[in-house]
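Undergrad: The lines below spell out each chain.
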Amino acid sequence: MKKLPLILAALVGTAGARASDLPSLWAERVKCAVAVEYVTQTELERRPTIAYGTVIDSEGTIILPSAAIDLRVSPSQMKDFKVYTPGDPEGAPAEYLGRDAFTGWHFVRASASVRGRLLPVTAFCGSGALREAGLAEEVWGIGIRNKDEDFMPYILKSHVALLQSLPQRTAIAQQEVSGPGLPVFDQEGRFMGIGSSSFGQTFLEFTGTERGGTPIMLVNVEESSAFVTAGEVIPYVGRVPKNPFGRPLAWLGAYGLEPMDREVAAFLKLESQSGAVVSEVLEGSPAEKAGLKAHDIILGVDGTPLPRFRPDRVVVDYVERLIAARTPGQTLTLSVLRGSDRMEVKALLEEEPRLVREADRMYFEKIGFTAREFVYGDAIARHSRIGDLKGIVAHLVKPNSPADIAGLRPDDWIKEIDGTEIKGFASAAARLSEIDKDLLRTETVFLVSRGSDTAVLRIKLR
Amino acid sequence: MSGGFDRLLDSVVRIDVRELNFEDGARRIDAGIGSGVILSQDGLILTNAHVAGPKAVEINVTLASLERVSARLVGWDHWTDLALLRVNMDEAKRRGLSFKHAEFGDSDKLYVGETVFAVGTPHGLTRTVTRGIISNNNRYFEDTEGVDGYETGNFNTWLQTDAAINPGNSGGPLVTEDGRIVGITSRAYLGANNLGFAIPSATAKRIVAGLVRDGSITRSYIGVIPKALQDLEGFYDVATNTGVLVDSVESGSPAAAAGLQAGDIILGVDGKKVDGRFPEQLPPIQNMIASQPVGSQLAIAYKRGSREAAATLVTTKLESRIGEEWVSDTWGMGVQRISRAYARENQLQDDEGVLVIGVQRGFPAEVAGLARGDVITKINQSPVVSMDVVKAVDAAYTAKPAPTLFEVQRERRVSLVVLKP
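For the record, the sequence lines run as chains A and B.
Residues are numbered in the numbering used here as their position in the first sequence, beginning at 1, plus a constant of 5.
Residues are numbered in the numbering used here as their position in the second sequence, beginning at 1, plus a constant of 59.
Bound-form chain A, shown alone (with noise of 0.2 Å):
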């Protein structure tokens, strides 16, 4: 089995000779592409979503871009995966494998009755090192129309005007080039990279009452010009996650990183450095554990300064992926600038708390809400202690129901149920399921908190 790609490789490089015929190069790269479709079933709606994305290898393993899935979303409320081949009305199921939290990607497994259609990109890398293509270089990719058109696929083509860091190495072209999650080639059909997130582009919009022209921002989310190269995506095509959530997750806890522009550098003495302002560092993380404060500048990890990027912000997401890199039980070590001192600070990471999606969570019909565990980024939310993880979250209100007219709404923290304090999701669940059940109970009543205030709110059951 795993001697197939090495042998594919081998096939197209000889056909990757006859430069020139884009059809026949076409015919088989069109197999790394596919639509994947997913249902988000929540308590009250099925919501359909249609996704692009890259074969990576044999096995049917799909990749899809961050922003394809709402990561506030629990994996268990996602149903129904389902890949389509371009051109083909018949999707095939998939399995949802998780995110990989270092590059963003969501990881679907298409069944094996569909395997046979697909092609890995990996066979169309080439011999040796990744290219990387050159500014002016002409390159292609896949598009795919929509469901109602069969996912029919076509081509894109366009010069690579732009290479940039931010932070993954990123190619801007002409004009789009792929669809967002689809993979790019040059002429000779060698794998180039994956279409991002589209760029928005400003246009300034006439009407009779607004002459001077009202500036709008215009995203096209079918196609994208930008794609990040093969650079960024073949050597990580094996981080395939072990569980929906991509656990191990490496923790740091400082939060709310700030990137330092070039005036405050310059005003701080640290011409030609970059770095990132700490805004809180997270009780009980190992970034406190490790002595890092509230407001160090980070000025470099493991001994190497960060590099400056364009635009400044960058730097934010490029010390986040650092860290995403790594595992639960590596050390961390940051240079940092407090006041006007420079110290280093070793972190060793740590497996990252419980996250919102993976709370515990249950669904009461009377009442009209849906209950979720309480979470350690619920109690940093709100500006509390984590000692006190306690009380639930209403994840969901049932608009009309009693809980929705007494006032309860999204994000409130139930803090006491009819007078008692709530301890734990699981007694504060089974609480609940009795009052939900109780066909003669006329009423509940919580003590919820939401912003700096509390409120009492009766619920209304009969």
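Since the hints were made in silico from the structure, they are not lab data.
There may be inaccurate statements among the hints.
Stated by the list, open to error - Chain A regions said to be covered by chain B (calculated; three or more residues, Cβ under 8 Å):
no. : region
1   : 190-196
2   : 282-291
Unchecked claim - Which residues of chain B face chain A? A few of them, derived with a C-beta cut under 8 Å, are:
no. : residue
3   : E150
4   : K286
5   : L291
6   : F294
7   : D306
8   : G322
9   : L326
10  : G364
11  : R403
12  : Q406
13  : Q440
14  : S441
15  : S445
16  : L475
17  : V476
Cβ coordinates follow ideal geometry from the N, Cα and C atoms, glycine included.
Given the coordinates of chain A, work out where chain B should sit on it, guided by the hints.
TA: For chain B alone, kept in the frame of chain A given last:
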């Protein structure tokens, strides 16, 4: 109409106010029109706090004789939306101007359906009289930002009338047929038909006396947000018409220090029973507490679960959510001192720093990336402990412009920016 009504007409004035605002990051003068009523022969005029407040730099009143004369602010109270002005009596005497004054009636005796008249300057139409009835004599609403961003309505209920109230009526009197002031017209629902509201004269009389005496109204604060107990008596096992529900206890407040918690039922204050069954009953209770001298010890009897308990708390001075404002002409930036209330609302760690309320395009603050809503916590690495710190740095910068480092907090993110000449 009655002689009293004629006299009232001769005591109503139009008020033209020019205010200094810093919200564009520059000194900008805004002009506004309102109404008012003369209360005494020595020239006291009652109006709304949202017509004339501390930002006023020029106040002119137009008397019934159509003569204009200048006036100054005696004091204001945004909590009840009332302000007191005084006619420049030297000028009035020099020019031989005369005016009449009106008398208060008793708003507590108003009945629903009673005929009332609103007199004022709607949309600048001086001396407009409209007629209606009292639609409700005990209307409850609070508004945390109702008077130019200041809180209002916590300590009084309102008279509701269907006499036509339009912008510019604000501050004018609502009177009975005999010309006695029973309310000060203050607001109306825009887009609705004839839903107007006035501050009752019973409240106004009290506020006028305080403003004449001290120039301001000082209130006690305990930090309890009350809620009507309606329908919850059974749940809390208290008799009907007993107690006030504590909906929230503000962090760092006297109530928090005394151990009061949300969900407690306050049964009595200083031995006096309280009844907050309906929302309309809450403002008088809040007013009773606020009327205690600052620093008073209050004995609070309360019920928590099945247990009754007592706590003693010491009141502090009630503060507004809007702090001192100032503008830097050099940087093109308007700033506001962060009040305790603002810090609490926004869950800031402390009330240090100043809030940016406006930046002027093309000036150093805007160029550096500062924006409305940012909190400036440090300048040149020293904490901003007072407005004086900002003023001192601004003065130094104006004398000798040099790059200046600001540490700002936006939401929860801390960033550094440099303001450059």
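Undergrad: Each hint should be assessed against the structure and marked as holding or not.
TA: Hint-by-hint comparison with the structure:
Check result for the region 190-196 of chain A against chain B: violated, 0 residues qualifying (beta carbon to beta carbon below 8 Å, three or more required). By the rule of at least three residues with a Cβ nearer than 8 Å to a Cβ of chain B, the coverage given for the region 282-291 of chain A holds, with 4 such residues. Here the hint on B/E150 is broken, as its CB sits about 47 Å from the closest CB of chain A, past 8 Å. Checking B/K286 against chain A: minimum C-beta separation of about 6 Å stays under 8 Å; hint holds.
With 8 Å as the threshold, the beta carbon of B/L291 comes within range of chain A, its nearest partner Cβ sitting at about 6 Å, so the hint holds. Here the hint on B/F294 is kept, as its CB sits about 5 Å from the closest CB of chain A, short of 8 Å. Nearest Cβ of chain A to the Cβ of B/D306: about 5 Å, under the 8 Å cut. The hint holds. Nearest Cβ of chain A to the Cβ of B/G322: about 5 Å, under the 8 Å cut. The hint holds.
For B/L326, the shortest C-beta to C-beta distance to chain A is roughly 16 Å, which exceeds 8 Å, and the interface hint is violated. Given the 8 Å rule on beta carbons, the hint for B/G364 holds: about 6 Å separates it from the nearest Cβ of chain A. For B/R403, the shortest C-beta to C-beta distance to chain A is roughly 5 Å, which falls under 8 Å, so the interface hint holds. This hint holds: B/Q406 has a C-beta 5 Å from the nearest C-beta of chain A, less than the 8 Å allowed.
Nearest Cβ of chain A to the Cβ of B/Q440: about 7 Å, under the 8 Å cut. The hint holds. Against a cut-off of 8 Å between C-beta atoms, the interface hint on B/S441 is violated, since the closest Cβ of chain A lies about 11 Å away. Taking 8 Å as the C-beta cut-off, the interface hint given for B/S445 is violated, the closest approach to chain A being about 20 Å. Given hint, B/L475 at the interface with chain A, holds; its Cβ is 4 Å from that chain's nearest Cβ, closer than 8 Å.
Interface restraint check for B/V476: the shortest CB-CB distance to chain A comes to about 7 Å, inside 8 Å, so the restraint holds.
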